[in-house]
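What follows is the residue order along each chain.
There are 2 protein chains.
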Amino acid sequence: MDFLTGVCTKEVISLSDFIESDEGAQVTMEGAVHSIRNMGEIAFIILRSREGLCQTVWEANKTNLEISELKEASCIRVSGIVKNEERAPHGKELRLSEIVILSNPEAPLPLAVDKWKLNTSLEAKLNMRSISLRNVRERARFKIQEGIVRGFRDYLHTQGFTEIHTPKIGAKGAEGGSNMFKLSYFHKPAVLAQSPQFYKQMMVGVFDRVFEVGPVFRAEKHNTRRHLNEYIGLDFEMGYIDSFLEICQMETEFLQYTMDLLKKEYDKELKLLGVELPNVEKIPYVRFDEAKRLVSEKYDRKMRNPFDLEPEEEELISRYFKEEYDADFVFVTHYPSKKRPFYAMDDPAEPAVTLSFDLLFRGMEITTGGQRIHNYSRLIEKIKKRGMETEGMEQYLSTFEYGMPPHGGLGIGLERLTMKLIGDDNVRETCLFPRDMNRLEP
Amino acid sequence: MDFLTGVCTKEVISLSDFIESDEGAQVTMEGAVHSIRNMGEIAFIILRSREGLCQTVWEANKTNLEISELKEASCIRVSGIVKNEERAPHGKELRLSEIVILSNPEAPLPLAVDKWKLNTSLEAKLNMRSISLRNVRERARFKIQEGIVRGFRDYLHTQGFTEIHTPKIGAKGAEGGSNMFKLSYFHKPAVLAQSPQFYKQMMVGVFDRVFEVGPVFRAEKHNTRRHLNEYIGLDFEMGYIDSFLEICQMETEFLQYTMDLLKKEYDKELKLLGVELPNVEKIPYVRFDEAKRLVSEKYDRKMRNPFDLEPEEEELISRYFKEEYDADFVFVTHYPSKKRPFYAMDDPAEPAVTLSFDLLFRGMEITTGGQRIHNYSRLIEKIKKRGMETEGMEQYLSTFEYGMPPHGGLGIGLERLTMKLIGDDNVRETCLFPRDMNRLEP
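Protein chains in written order, with the numbering used here: chain A, 1 to 442; chain B, 1 to 442.
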């Protein structure tokens, strides 16, 4: 009988191994042909692999293949000798003795992915996503996004949170309203989850602290630079809080941890994109009404809607805190009750506002959170006051009947956070395969 | 201006801190009242928090509250003195001076969650999920599940995989067929993703190695102990493989890493459920036709369908390898081509079978994987031979036109793996909120 033992015996080295190699070492590497610069007797073949680019050198009569046999976008395995070379990336190049072609393309690339900057529209990039992301700067966005998700999970894990997976098909949504995609589920009406809100609250009674990273679906008829109809939510919910500020505190710590992680492990990608990490040592917080007043005074702007922030106001609040306190982030607290969902806890001292917050980052809301009502009677009372139906929420509501700790949580939009961190001006840039009102493919 | 600095100042300690506390220490803890045993002058209050149970002791005239003021399922904050006590869990108890009630339930619990074994049906447990999981053995399943997901991500990260997030709403499914949930997406027909197959392959051309942990939707009309209509897929895809056995090798390493992680960090939960971890030092692999022959001979069973494994055959193959080699897992390789999707690579030496595999674990398939066709012309040829349409697959197919490395990957059903590891007999036990043909709530 044959067995697998989990011991890999391949002798192919990675780019970081190559960078560590001594001059004169004989090594084998794999990758895609990113570009070929043919000088006649010699040719520079830039090899692209998951860690980046590497310069390899073909020499007539020294390398097994003719250079004409090689194409851009071929996948190859190459062997050769490591040579120090100041002008090459990483100060090293590989002088090739052998090239094995693993696969060849059947058509020339439709985009010049080897250029520093892809000279094409967002629309074209999205239409050819699997090609445009072969550009190393384009793909760097998603390494940084990976780092943010790792930071979220790893930090919350150290704080005693349990990761959960809640269903995306359900009978009813958490926020109510018409923003849900509807489907037929074995002849029963169903919706796609617009947030894991109900489930994460229900699980606070079990695990005290929970988080989830998963897709969120919003059938909103917005077609803007900041909206997606499917996005990744970074959600957490924590019990035994004395104040909603503990939730903001936890988010501050997550951001501090994550910026550290990015600095340490994603420096290459940050440099590729010229990203300057924000200062997260301390994050100011300000009441909603106070924030409105501050920007209205400083920028001589008339307040129109006292119950909500317009996108322009979000930008001005961020600008204010950047100018006055050099802050990239600001928590805006105590949102008006009428603009928050029924489960938001009203401030006992001032019932027209809630113990809730948004986090603004460089002019845009990237998080909504707050304390939730944990008392069954008050929850029922608020539902009645709003004239809502409890149908389909029986399981959620009964959880509170059987006791729940004071709790709260938040939801972060991953693509938006990535977008603002990188400095992109369209959230589609930081979503692998965005879904908007017009885009369902690829 | 007020700032958050990410420094938490709360003095509440966790259960593990309590276990490390010295006798005589004054500490504060939080949790839910799991049970109360009232002996008159003293009462034992078992406190449940995320890490487990803790014995606290109320004493008449020494604790601020009357014991009658306390209910099961109240959430409380307690302060007192640590006392060594052999008969208490962890050999310690907390003698209470102060109890603060944070919240009270409004109805008595419908289930005796403090019992060692919840004496109720699966149906009832699922109907009252947020209550039944307050039983520490019930919730332990999901801590173990968390450990499996951590193992998957952490191990693949060390192997140079990039985590991706692919859309769950799309224009067309990866496997074709009728097993998809349909919805209307802004008046356009759309489906829920039955796998991230197309997207993860497309991203192999970008990141070389990718993985995803996310929901998968199957509109299959199965109502069995092993099927869910929404489940969590652990998917990976890797480029530059020489053989599909490298994929099996990677899965073997993931299992080894994960069993180690569970042993180290989830020992408490494994003990609660009496789970014995499987041996994953070496995993046998056997051809599909050979496996069929072996069990047909040993167990004197007639082969009916030469192209697929019946559930009973999966059980017998597992039994065979357990009896003959003491193996809990077995890779079954070279599945017939006609039972695999179009993108599966046929064996050049024997085109009726594919370079693919399933992994069986204790009698059940928990993984399907294999090498994929990476050559554009061959892919088109196979699609034509099957009489399939290419409509809606243009983006996927064009990726191959522009070059792709040899690659393959797999998908693991998280709930099934958890189920077989724990020894449950219904996959609904290891899904927080299962979706099946009859269940859409909670």
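Keep in mind the hints are simulated off the structure, nothing from the lab. Hints may contain errors.
If several chains are the same, the list does not tell them apart, and a pair holds so long as it fits within one copy or across any two.
What the hints assert, rightly or not - No more than 25 Å apart at the CA atoms, straight line, and that leaves these computed lysine to any residue pairs for SDA-like: (1) Lys182 <-> Arg439; (2) Lys71 <-> Gln55; (3) Lys182 <-> Asn426; (4) Lys263 <-> Phe3; (5) Lys264 <-> Thr5; (6) Lys382 <-> Ser97; (7) Lys172 <-> His227; (8) Lys188 <-> Ile169; (9) Lys292 <-> Leu4; (10) Lys298 <-> Lys338; (11) Lys10 <-> Glu441.
These are the hints, each one checked on the structure:
1. Taking CA atoms no more than 25 Å apart as the test, Lys182 paired with Arg439 passes in both settings, with 18 Å inside one copy and 17 Å between copies.
2. For a Cα distance limit of 25 Å, the shortest separation of Lys71 from Gln55 inside one copy, 16 Å, qualifies, whereas the shortest one across copies, 71 Å, does not.
3. Taking CA atoms no more than 25 Å apart as the test, Lys182 paired with Asn426 passes in neither setting, with 27 Å inside one copy and 29 Å between copies.
4. For a Cα distance limit of 25 Å, the shortest separation of Lys263 from Phe3 across copies, 23 Å, qualifies, whereas the shortest one inside one copy, 42 Å, does not.
5. In the homo-oligomer, the alpha carbons of Lys264 and Thr5 lie at most 25 Å apart only across protomers (21 Å), although the nearest pairing inside one protomer, at 33 Å, exceeds that limit.
6. Taking CA atoms no more than 25 Å apart as the test, Lys382 paired with Ser97 passes in neither setting, with 75 Å inside one copy and 36 Å between copies.
7. For a Cα distance limit of 25 Å, the shortest separation of Lys172 from His227 qualifies both inside one copy, at 22 Å, and across copies, at 23 Å.
8. Taking the shortest alpha-carbon separations for Lys188 and Ile169, both the intra-copy value of 11 Å and the inter-copy value of 19 Å come in at or below 25 Å.
9. In the homo-oligomer, the alpha carbons of Lys292 and Leu4 lie at most 25 Å apart only across protomers (20 Å), although the nearest pairing inside one protomer, at 64 Å, exceeds that limit.
10. Proximity of Lys298 to Lys338 under the C-alpha cut-off of 25 Å is found in neither arrangement, the shortest distances being 27 Å within a copy and 71 Å between copies.
11. Taking the shortest alpha-carbon separations for Lys10 and Glu441, neither the intra-copy value of 37 Å nor the inter-copy value of 49 Å comes in at or below 25 Å.
Consistency with the previously given hints fails for numbers 3, 6, 10 and 11, ordered from lowest to highest.
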